[in-house]
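*Asks:* Chains as they are written, first to last, in numbering that gives the first Met the number 0: chain A, 0 to 72; chain B, 0 to 168.
If you are wondering where the hints come from, they were derived from the structure by calculation, not from laboratory data.
Just so we're clear, the structure is a prediction, and the values are computed from it rather than from any experiment.
Where a beta carbon is used, it is the ideal one built from N, C-alpha and C, also for glycine.
Heads up, some of the hints might be wrong.
Simulated coverage check for chain A against chain B, where a stretch passes if three residues somewhere in it have a Cβ under 8 Å from a Cβ of chain B [said to hold, decoys possible]:
#: 1; segment: 18–24
#: 2; segment: 32–44
#: 3; segment: 47–59
To give an idea of the interface, some chain B residues facing chain A are shown, with a C-beta separation under 8 Å as derived from the structure [as the list claims (entries may be wrong)]:
#: 4; residue: P16
#: 5; residue: V19
#: 6; residue: K20
#: 7; residue: A23
#: 8; residue: K24
#: 9; residue: I28
#: 10; residue: F31
#: 11; residue: Y94
#: 12; residue: D98
#: 13; residue: R101
#: 14; residue: V105
#: 15; residue: V106
#: 16; residue: A111
#: 17; residue: V121
#: 18; residue: A162
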Amino acid sequence: MSPDITRKVRPPRAVDFGFPLGHPFGFPGQRFLRKRLLTLLLERLYTITEPGTIEKIPVYTGPAVECEVCGDE
Amino acid sequence: MGNLVDKILARLYGAFPSLVKRYAKKADILTFTETPFTSPSTPLEKARVALITTGGVHLKSQTPFDMEDRSGDPSYREIPADTSFDELLVTHDYYDNRDAKRDPGVVFPLDALKDLAAEGVVGSVNGRHFSFMGHITGEHLKTLMEGTAPEVARFLREDGVDAVVLAPA
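Given these sequences and hints, build the entire structure.
*Replies:* Next up, the structure:
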């Protein structure tokens, strides 16, 4: 997901987890992480009240940084 | 040759986010000034949830998205909720899809959504989900905006879906 493209398209709400393009739900084999991300997204349905908001939740900050909620499988 | 260039570019965009930033700034991307917005009336634990991916995911039995048309493919594929990942393929040359091909859940988290329904976090998983190929330009934009996208929205409304998660590849 590209926040720059998303800003142009203006969906009702969006969350930027920081993953590279082609990885909106992380990397292969991370089913538990996907669940966490999906839960975070769905919760934003109820907490984001300003149309077009793109909330940044930096789950992934780069390959050199360990992600605490990743890789449980 | 075009497809090879697209695949190389896709890998570069995946590896270097700054290139995506430059692309987003310069490319002729459809830009909206307004945002449709609805507040959910159903609590999450009772909500029926559907997925839409733009990752080019489709069933092996379905016609793949058209990679020959340089303007993209504005059609969609319906994916039943009981589909397993080994029944899926990814056809989309415009992003680095190697990981999505290894595990479609990277762009289409149906497995995780089923887990959330089983745990009672969401009410239910809709019976069908939808996939687009997220590279649509030129004359195909009209088809998408006036044809296929409203059609999918109508299907989801008919299904009684409360929330849709869009996963842009």
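*Asks:* Given a cut of 8 Å on the nearest C-beta pair, is the interface hint for V19 of chain B held or broken against chain A?
*Replies:* holds (5 Å)
*Asks:* Do at least three Cβ atoms from the segment 32–44 of chain A come closer than 8 Å to Cβ atoms of chain B?
*Replies:* holds (count 9)
*Asks:* Report holds or violated for the interface hint on K24 of chain B, using the least CB-CB distance to chain A and a cut-off of 8 Å.
*Replies:* Since the shortest Cβ distance to chain A is 7 Å, the answer is holds.
*Asks:* Do the numbers back the hint for V121 of chain B, that is, is its least Cβ distance to chain A under 8 Å?
*Replies:* Cβ of V121 of chain B sits 7 Å from chain A, so the hint holds.
*Asks:* For the hint on I28 of chain B, does the least C-beta distance to chain A fall short of 8 Å?
*Replies:* Result: holds, 5 Å to nearest chain A Cβ.
*Asks:* Return the status of the interface hint for V106 of chain B: holds when the least beta-carbon distance to chain A is below 8 Å, violated otherwise.
*Replies:* holds (6 Å)
*Asks:* Close enough to count: is the Cβ of V105 of chain B nearer than 8 Å to one in chain A?
*Replies:* holds (6 Å)
*Asks:* Does the segment 18–24 of chain A contain three or more residues whose Cβ lies closer than 8 Å to a Cβ of chain B?
*Replies:* Answer holds; 6 residues pass the 8 Å Cβ test.
*Asks:* Quick one, is the F31 of chain B hint okay against chain A at 8 Å, beta carbons?
*Replies:* Check passed: Cβ of F31 of chain B comes within 4 Å of chain A, closer than 8 Å.
*Asks:* Hold the hint about A162 of chain B up to the distance rule: shortest CB distance to chain A must be less than 8 Å.
*Replies:* holds (6 Å)
*Asks:* Tell me if P16 of chain B is really an interface residue toward chain A, meaning its C-beta lies closer than 8 Å to one of theirs.
*Replies:* holds (6 Å)
*Asks:* Hold the hint about A23 of chain B up to the distance rule: shortest CB distance to chain A must be less than 8 Å.
*Replies:* It holds, given that the least Cβ distance between A23 of chain B and chain A is near 3 Å, below 8 Å.
Of the numbered hints stated above, none is contradicted by the structure.
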